[in-house]
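Take the given structure of chain Y and dock chains S and C to it, following the hints.
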Amino acid sequence: MLFFSAAVWLLVASAFGLIASIKFHAPGFLADCAGLTYGRVRPAAVNSMLYGFCLPSGLGITLWVLARLGCARLAAPWMVAVGAACWNLGVALGILGILRGSTTGYENLEMPAYAASLIFFGYLMMAFWGVVTFHQRRERRLYVSQWFLFAALFWFPWIYSTANLLLQGGQVRGMAQAVIAWWYSENLVVVWLGLVGLAVIFYLVPKLTGRELHSRYLALLAFWLLILFGGSGGIPATAPVPAWMPALSFVTALLGVVTVVAVFLNVFRTTNGKCVMLMSNPSLRFLGAGLVAFVIGGLASAVVAWPFINRLTQFTWFSIAKGFLTSYGFFAMVTFGAVYHIVPQLMAQEFPFPRLVRAHFFLAVAGVLLFVLPLAIGGIVQGVRLQNADIPFTDIAKGTLPFLRVSTMGDLLVAVGHVLFLANLGGLAFQFYRARAVSAWAAATAETKVAEAVS
Amino acid sequence: MNYGPLLFLAAFFALASSWSGFVLTTQLQLGRLQQTNTVASPAVTYPVARPGLAGQGLQVYRANGCAYCHSQQVGQTGTLLDIELTEAGTNQAATIAALLKLAETPADEPSGLSPLPPLAAAKGNASGAALLNGLPKSLLRSSNRPAANAAVKALNATSAKAQICIVPVGPDLARGWGRRRSVAEDFLYDSPVMPGSQRVGPDLADVGTREPALSWHLLHLYAPQAQVRGSTMPPYRFLFERRKIGLQPSPDALVLPADAAPPAGYEVVPRHAAKALASYLTSLRAEAPLYVAPLTVAAAAAGTPTNAPTASEATSTNAPPTR
Amino acid sequence: MTPETNQPALVSAAAAEPKAADAAVPVWLLVVLFLILYGGMVYFDRYGGWFSPQVYAPYRTVEEVEAMQPALGGGNVLQLGLQVYNKPTCVACHQANGKGLPGQFPPLVKSDWVNEPEPGRIIRIVLDGLYGGQIEGQSYSGSMVPWKDSLTDEEIAAVLTYVRQNAEWGNKAPAVTPERVKQVREKSKGHPQSWTPEELLKISPAD
Chain Y
34 MLFFSAAVWL
44 LVASAFGLIA
54 SIKFHAPGFL
64 ADCAGLTYGR
74 VRPAAVNSML
84 YGFCLPSGLG
94 ITLWVLARLG
104 CARLAAPWMV
114 AVGAACWNLG
124 VALGILGILR
134 GSTTGYENLE
144 MPAYAASLIF
154 FGYLMMAFWG
164 VVTFHQRRER
174 RLYVSQWFLF
184 AALFWFPWIY
194 STANLLLQGG
204 QVRGMAQAVI
214 AWWYSENLVV
224 VWLGLVGLAV
234 IFYLVPKLTG
244 RELHSRYLAL
254 LAFWLLILFG
264 GSGGIPATAP
274 VPAWMPALSF
284 VTALLGVVTV
294 VAVFLNVFRT
304 TNGKCVMLMS
314 NPSLRFLGAG
324 LVAFVIGGLA
334 SAVVAWPFIN
344 RLTQFTWFSI
354 AKGFLTSYGF
364 FAMVTFGAVY
374 HIVPQLMAQE
384 FPFPRLVRAH
394 FFLAVAGVLL
404 FVLPLAIGGI
414 VQGVRLQNAD
424 IPFTDIAKGT
434 LPFLRVSTMG
444 DLLVAVGHVL
454 FLANLGGLAF
464 QFYRARAVSA
474 WAAATAETKV
484 AEAVS
Chain S
633 MNYGPLLFLA
643 AFFALASSWS
653 GFVLTTQLQL
663 GRLQQTNTVA
673 SPAVTYPVAR
683 PGLAGQGLQV
693 YRANGCAYCH
703 SQQVGQTGTL
713 LDIELTEAGT
723 NQAATIAALL
733 KLAETPADEP
743 SGLSPLPPLA
753 AAKGNASGAA
763 LLNGLPKSLL
773 RSSNRPAANA
783 AVKALNATSA
793 KAQICIVPVG
803 PDLARGWGRR
813 RSVAEDFLYD
823 SPVMPGSQRV
833 GPDLADVGTR
843 EPALSWHLLH
853 LYAPQAQVRG
863 STMPPYRFLF
873 ERRKIGLQPS
883 PDALVLPADA
893 APPAGYEVVP
903 RHAAKALASY
913 LTSLRAEAPL
923 YVAPLTVAAA
933 AAGTPTNAPT
943 ASEATSTNAP
953 PTR
Chain C
2 MTPETNQPAL
12 VSAAAAEPKA
22 ADAAVPVWLL
32 VVLFLILYGG
42 MVYFDRYGGW
52 FSPQVYAPYR
62 TVEEVEAMQP
72 ALGGGNVLQL
82 GLQVYNKPTC
92 VACHQANGKG
102 LPGQFPPLVK
112 SDWVNEPEPG
122 RIIRIVLDGL
132 YGGQIEGQSY
142 SGSMVPWKDS
152 LTDEEIAAVL
162 TYVRQNAEWG
172 NKAPAVTPER
182 VKQVREKSKG
192 HPQSWTPEEL
202 LKISPAD
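Chains as they are written, first to last, in our numbering: chain Y, 34 to 488; chain S, 633 to 955; chain C, 2 to 208.
Extracted from the complex, chain Y is given alone in its bound form:
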């Protein structure tokens, strides 16, 4: 159920993203509706992507993998379902709240307080049973992925509650609010998404290629580096904060290079350099693409953290491109791969439209490329021109429009991919429930037939 609702939210998110993107080309588009101005649609898109898709699907994967690796059944599944419903309600209310104007104003944390508490409660319901499942495991030796997932289960409630309590209640004054918001955002996007995404890669790649993971120590190194330093990279270089904060952010962002290299080495050596292996299985294709995005995104983050380069890319489309690459290009692709693997096993059925899975993959890769590349290049161009005070600002803004047009195409491709994803999942669910209904009906009618025959 988590996955299905996640797919629906993904579609909602891409719809919002498309609207936002189109607004750049035709500023008058939908301008008269207060609920749909860019400033509201964009956070709605980002939030529905993050909280509607990434987090619930990540949670679903977490619960599945923890149950599998521990050889235990998921504890109290009905509670998890209640939690999922609570979560979905919270996200729906939150998105509506953002569109109405009740956004909090902090990036990635825009849901108003009522929605945030629903989301938090829903998460606790789901995560608590995940922890119980982990505790009830029969296989006591821990696999790599379990570290990542267990840490992730705890990570979110801590950062979410801290950020919301401090920021929603107005306890904190002045610039400290923005610093805490940046801290939360980094922790969510880099650490939480990284933990779950890497857990999936470390779980599925060895499993589906039939080989052993190359090194648990490399994975351990990546784990420690990610949790120790991943959450500190969020302060931009020219932020209105004392110099030590951007300096610390820069140093920790550099350490991301080692994390990325460790992960890449691990997977590369696991497949013994034969990347072609990754193309065999449809799920693995997604994982492979996700891994590539992780590496490129991680290296880009480290490079862009250099203050000299940061000044060029800081307020430009490049940072949006990089964010998209790490959250969608890495996490969403990895999630698609995982969902395409898990759901058929969950429902003991095959996907009704297997060719659509391939189509989704190509659409997704093409979409990501078309979105990220023009925005990255456009962003660099924009940044370089912004340094030159003689170029009027409107010229610079106009110059980014061609890049935006291409990226809108990328958005469109990605959205079509989501429709396919939803179609597949929906078809599978429909098949599953239909099969169950048919067999239940057959059992019921068989009983009556037997009863008739007897009497």
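Just to be clear, a hint being listed does not mean it is correct.
Unchecked claim - As a list, the in silico DSS-like pairs of lysine-lysine whose alpha-carbon atoms are at most 25 angstroms apart:
1. C/K190 / C/K149
2. C/K188 / C/K203
3. Y/K240 / C/K20
4. S/K785 / C/K183
5. C/K173 / C/K111
6. C/K190 / C/K203
Calculated from the structure, these hints are not laboratory results.
Then chains S and C, alone, in the frame of chain Y:
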């Protein structure tokens, strides 16, 4: 060995370290900031809380997500010291000689003194009489304080009066987006603080100085392309109301150019949200000189040597600065 | 929604769950890690301002920030005096209105000590501090710290001139020059600690 609790401890420790670094320390340093004094006059406290309508405008800014296109943080890449001659003094020949001598220092010497255009132009011809016209004038530029102090002393010794002007520099400042970088004190009384992360539109940290007129902002919100040619900003017409003109045109009605004007008999009037937002935008200024971001402002009516502690030291004028 | 349907598959699937081998971390990666850590520490040392909340980029240390502060006063002695007074040097105890706190800090408003034509006594007070005794019949529990090490002659002269010529406070006395302050500083060099009012009354203000 039961790794479960170990994992928990590991995650806890890692999160605690980043929390204490970025949340706790930030609260200790920035969350408890108090009002500070400007360096030009200790009697002026900074910042002042935004007046009521501007405070409501902050909420309109938040609700409409303006921070997704506009940043509110100006950066600075360096600080230069300009040596400004304020009075010519009695011994003009000696002053001119001293100036020419200071201009002779090679640019790569550690003193970092270099002549500004008026002085550089006079270097060629020996008669520098024109130098002393149009005072106060900045004539030399330095990058280190002791050299600048020495230059000022040398000039003061010739009975002229010179002073050091502190000039922050950077690409954002060169674009006219502010006089100095933004610092945490600028956001002390705002909730929420939205420094923004994109510059789809220009930076707004100092927009109240650039465009102090409410009407400019109202027109910009209603029809951005009419106000700024080539703007990609969407119009925010829902913040306004188009209604039939009553007995008399409303004093609030916007003056619109022909292509954006309503049909005859109608007028466009800003709603409360638009007025609040415009008021907030005009309250955005970041030019007060502070200890953490020093800057020299034009000493306006500071010529009054009164003994009373005045609170109205002219540290920031309301006139838009020259770019 | 749950793995119930997979129960029989679980046991056999357990064998298919991935395992991790024990290859060691390559040494070069650890070297890179340490290099980055070291470089990062060097960078933070240079650009991090050592956690000071007063250092904003592009400044790197508090000394750099200090060096870029505008000169006090801007040429006007009274302006400089006001700034020194509010640094907060004097305002903390003698208050912004110059009235001090009864029983703790003496007022500077309409004070005979302040309005003495020759400033010798009050220069000594500012230089070395004051403690105990009685001033104009009142005793004050607060003690005044010496400022000879924190303020320059120019600053002391400016703040005393400001106080002595403050019309709002009803003071009207001649200005104090930096040279006079220097003179008194030389003369009272040997004095070990704060003055008491009785000691000061024995010294002529013209000294």
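Tested hints:
| no. | hint | in the structure |
| --- | --- | --- |
| 1 | C/K190 / C/K149 | holds, 10 angstroms |
| 2 | C/K188 / C/K203 | holds, 15 angstroms |
| 3 | Y/K240 / C/K20 | holds, 8 angstroms |
| 4 | S/K785 / C/K183 | holds, 20 angstroms |
| 5 | C/K173 / C/K111 | holds, 9 angstroms |
| 6 | C/K190 / C/K203 | holds, 17 angstroms |
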